[in-house]
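Residue-level listing of the chains:
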Amino acid sequence: MSGWRKKERLWGLLFIGPNLLGVTLFFILPALFSFGLLFTDYRFANPDMNFVGLGNLKRLFHDELFYLALKNTALFLASVPVSIGLAFLVALALNKSVYLRSLLRAMFFMPYITSGIAIAFVWMLLFQPSKGPINQLLRAVGIENPPGWFSTTDTSMLAIDIIWIWFMLGYFMIIYLAALQELNSELLEAAKIDGARGWVTVRRIIWPLVSPTTFLLLVTGLIMSIKTFGIIQAITQGGPGNSTTIVSLYVYRTAFSYYEMGYASAISWVLFAIILFITLIQWFGQKKWVHY
Amino acid sequence: MQIRSISWRKSAATAIMFALGLLMILPFLWMISTSVKRPDEVFEYPIRWLPDQLLWKHHLKVWSGPKGFALYYANSLKIAIIATVGSTFLAAFAAYGFSRIAFKGRDTLFVLYLSMMMIPPQVLFVPKFIMFEWAGIYNTHWALILPGLVSIFGVFLLRQFFVGIPKEITESAFIDGAGHLRIFGQLMLPLAKPAIATFMIIDFSWHWNDYENALVFLTESDLYTVPLGLQNFILEYNIDYNGMMAAATAGILPMLLVFMAGQRFIIEGISSSSVKG
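Each protein sequence line maps, in turn, to chains A and B.
Residue numbering for the first sequence follows UniProt numbering, beginning at 1 and increasing consecutively.
Residue numbering for the second sequence follows UniProt numbering, beginning at 1 and increasing consecutively.
There's no promise every hint is true.
As the list claims (entries may be wrong) - Straight line, CA to CA, 16 Å or less: simulated EDC-like cross-link-like pairs of lysine to aspartate or glutamate:
id: 1; chain 1: A; residue 1: K131; chain 2: B; residue 2: E44
id: 2; chain 1: A; residue 1: K131; chain 2: B; residue 2: D240
id: 3; chain 1: A; residue 1: K131; chain 2: B; residue 2: E41
id: 4; chain 1: A; residue 1: K131; chain 2: B; residue 2: E220
id: 5; chain 1: B; residue 1: K67; chain 2: B; residue 2: E171
id: 6; chain 1: A; residue 1: K131; chain 2: A; residue 2: E144
id: 7; chain 1: B; residue 1: K57; chain 2: B; residue 2: E41
id: 8; chain 1: A; residue 1: K96; chain 2: A; residue 2: E8
id: 9; chain 1: A; residue 1: K96; chain 2: A; residue 2: E182
id: 10; chain 1: B; residue 1: K67; chain 2: B; residue 2: D222
id: 11; chain 1: B; residue 1: K104; chain 2: A; residue 2: E8
id: 12; chain 1: A; residue 1: K58; chain 2: A; residue 2: D41
id: 13; chain 1: B; residue 1: K61; chain 2: B; residue 2: E220
id: 14; chain 1: A; residue 1: K227; chain 2: A; residue 2: E144
id: 15; chain 1: B; residue 1: K78; chain 2: B; residue 2: D222
These are computed hints drawn from the structure, not numbers from a lab.
Since the model is a prediction, treat every value here as computed from it, not as a measurement.
Using the sequences and the hints given, assemble the complete structure.
Here is the structure:
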């Protein structure tokens with residue numbers, strides 16, 4: 001190795017080293033540690049830890065609550081494509097044909113950037129079943145028995161989905177707006193001259209052209225959402241009757257309410273497997289599904 | 001000066017989109033309105049957006065007392081500022097290393113970095129909890145600050161920006177005898193100001209809104225950050241809806257200010273980090 005090469009290597013280490021130390025301490029080591037815990041029956045505050053092999057995975061296989069959590073996760077993730085679809089329409093409208101563009105953009109984007117857990121409590125009151133503004137409005141327009149939202153098992157996830165659609169919409173919209181800006185305007189002009197109007201242009205030309213963006217948003221949106229549980233923990237703690245317990249929340253509860261840390265590790269790796277699966281679809285599916 | 005003609009269609013579209021935009025921010029307006037109302041006005045229908053009399057006592061209640069929002073603000077600001085400044089430095093250094101220093105194994109290392117982004121925080125909670133117990137930083141602010149110093153997303157974002165800066169600029173400086181530290185400090189950092197601003201805003205808002213890590217790693221109420229303080233307030237006064245909304249307003253206010261001041265950076269950052277992934 002020449003002296004220059006050696007020196008470069010040293011500089012590389014100096015620049016990346018501090019960050020790499022952090023990544024090792026807070027990502028790589030804990031990930032390896034967690035993978036080890038997966039094969040144990042470790043419980044917090046219980047010193048004797050046993051190797052149980054694949055015991056945790058076997059237990060997972062028969063855990064009804066886990067299956068329910070998987071189903072709930074699917075119902076929760078259903079909000080992502082809906083939000084993406086709406087975001088596309090909003091971006092389309094804001095792209096050209098409006099005045100006050102930046103003000104309108106800010107209004108749609110605001111929930112995403114400003115809203116942590118605080119807004120969850122606002123929605124909790126908005127969805128209040130007997131006197132909340134949403135149900136008062138529904139009654140005023142003639143719906144006599146409006147949904148019970150967070151108070152009943154069959155509508156609680158719907159309410160969460162509505163909040164999540166509202167929350168993510170601005171993020172998806174911003175990225176669609178950027179994609180629309182980059183569209184080839186000559187192609188759109190040519191389509192216009194050929195007589196393509198309004199909705200036909202959107203369906204036949206714009207939607208296929210932004211399909212790489214749609215695909216990317218679907219993947220990132222699903223991954224971002226699957227890692228979340230804060231908003232659900234704050235509003236329903238997974239209830240009523242576990243109807244809003246999604247896998248990520250189930251991990252948290254198993255680890256920090258029941259202190260079954262070995263088992264929690266096993267569930268958390270299922271979450272990783274789902275993310276890996278989505279990522280692999282992204283890698284291999286991109287060419288197949290995306291139409292230019 | 002010629003007056004531009006106002007298009008009818010465009011005006012109608014603007015009106016419709018404004019109405020929908022208003023719908024998006026309605027929860028915020030309802031929150032603020034409720035925080036200055038009387039308790040019996042909370043669920044009044046039709047909604048009275050501007051009460052006859054503005055009451056500030058709910059806000060006072062939220063901010064005063066030994067476990068008030070002043071304490072939670074101080075805790076949150078301390079964590080968010082230290083973590084954001086630190087992670088920006090570490091990420092900028094690493095991003096320079098990944099984009100401007102050629103050494104063996106660099107790209108493999110970067111792929112390892114990216115693959116770490118796939119690991120959900122839920123995988124890391126339990127081992128971090130155990131490790132922090134051992135290290136004696138569980139239930140201290142360090143449990144949030146230290147991991148907060150490392151942002152893989154930041155390395156990714158800033159590296160992407162550095163790669164976009166023409167190589168000729170740094171190479172000619174190199175030939176003139178400048179070392180990596182000088183090129184980094186005097187050339188790259190000033191050029192990367194917009195990207196750094198973007199990252200700092202996004203990272204700060206992430207730390208400010210971080211509820212899940214605080215939930216796992218903090219138990220003592222004196223250490224609570226704003227999200228935990230909010231939750232605590234709601235557990236304690238669960239029928240004081242006006243107070244709840246005053247507390248929620250307190251939680252959102254800083255992000256609202258950051259959003260108004262830095263909107264341009266946030267939007268540019270999010271657009272550029274995602275398109276053409």
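These are the hints, each one checked on the structure:
A threshold of 16 Å between alpha carbons decides the hint, and for A/K131 with B/E44 the separation of about 8 Å falls inside it, so the pair holds. Restraint check for A/K131 and B/D240: satisfied, since their Cα atoms lie roughly 15 Å apart, inside the 16 Å limit. Of the supplied pair hints, the one linking A/K131 and B/E41 holds, its CA atoms being roughly 11 Å apart against a limit of 16 Å. A distance of roughly 35 Å separates the Cα atoms of A/K131 and B/E220; the hinted pair therefore is violated under the 16 Å criterion.
Proximity of B/K67 to B/E171 is assessed by CA-CA distance (about 56 Å); at most 16 Å being required, the pair is judged violated. This hinted pair checks out: A/K131 and A/E144 have alpha carbons roughly 13 Å apart, not beyond 16 Å. Under the criterion of a C-alpha separation no larger than 16 Å, the hint pairing B/K57 with B/E41 is consistent with the structure, at around 15 Å. Restraint check for A/K96 and A/E8: the C-alpha separation of about 49 Å exceeds 16 Å, so the hint is violated.
This hinted pair checks out: A/K96 and A/E182 have alpha carbons roughly 13 Å apart, not beyond 16 Å. Distance restraint check for B/K67 and B/D222: the Cα-Cα separation of roughly 7 Å lies within the 16 Å cut-off, and the hinted pair is therefore satisfied. Of the supplied pair hints, the one linking B/K104 and A/E8 holds, its CA atoms being roughly 10 Å apart against a limit of 16 Å. The suggested pairing of A/K58 with A/D41 holds, with an alpha-carbon distance near 13 Å, which does not exceed 16 Å.
Restraint check for B/K61 and B/E220: the C-alpha separation of about 21 Å exceeds 16 Å, so the hint is violated. The straight-line distance between the Cα atoms of A/K227 and A/E144 is roughly 37 Å, outside the 16 Å bound, and the hint therefore fails. Between B/K78 and B/D222 the alpha-carbon distance is near 13 Å, which keeps this suggested pair within the 16 Å criterion.
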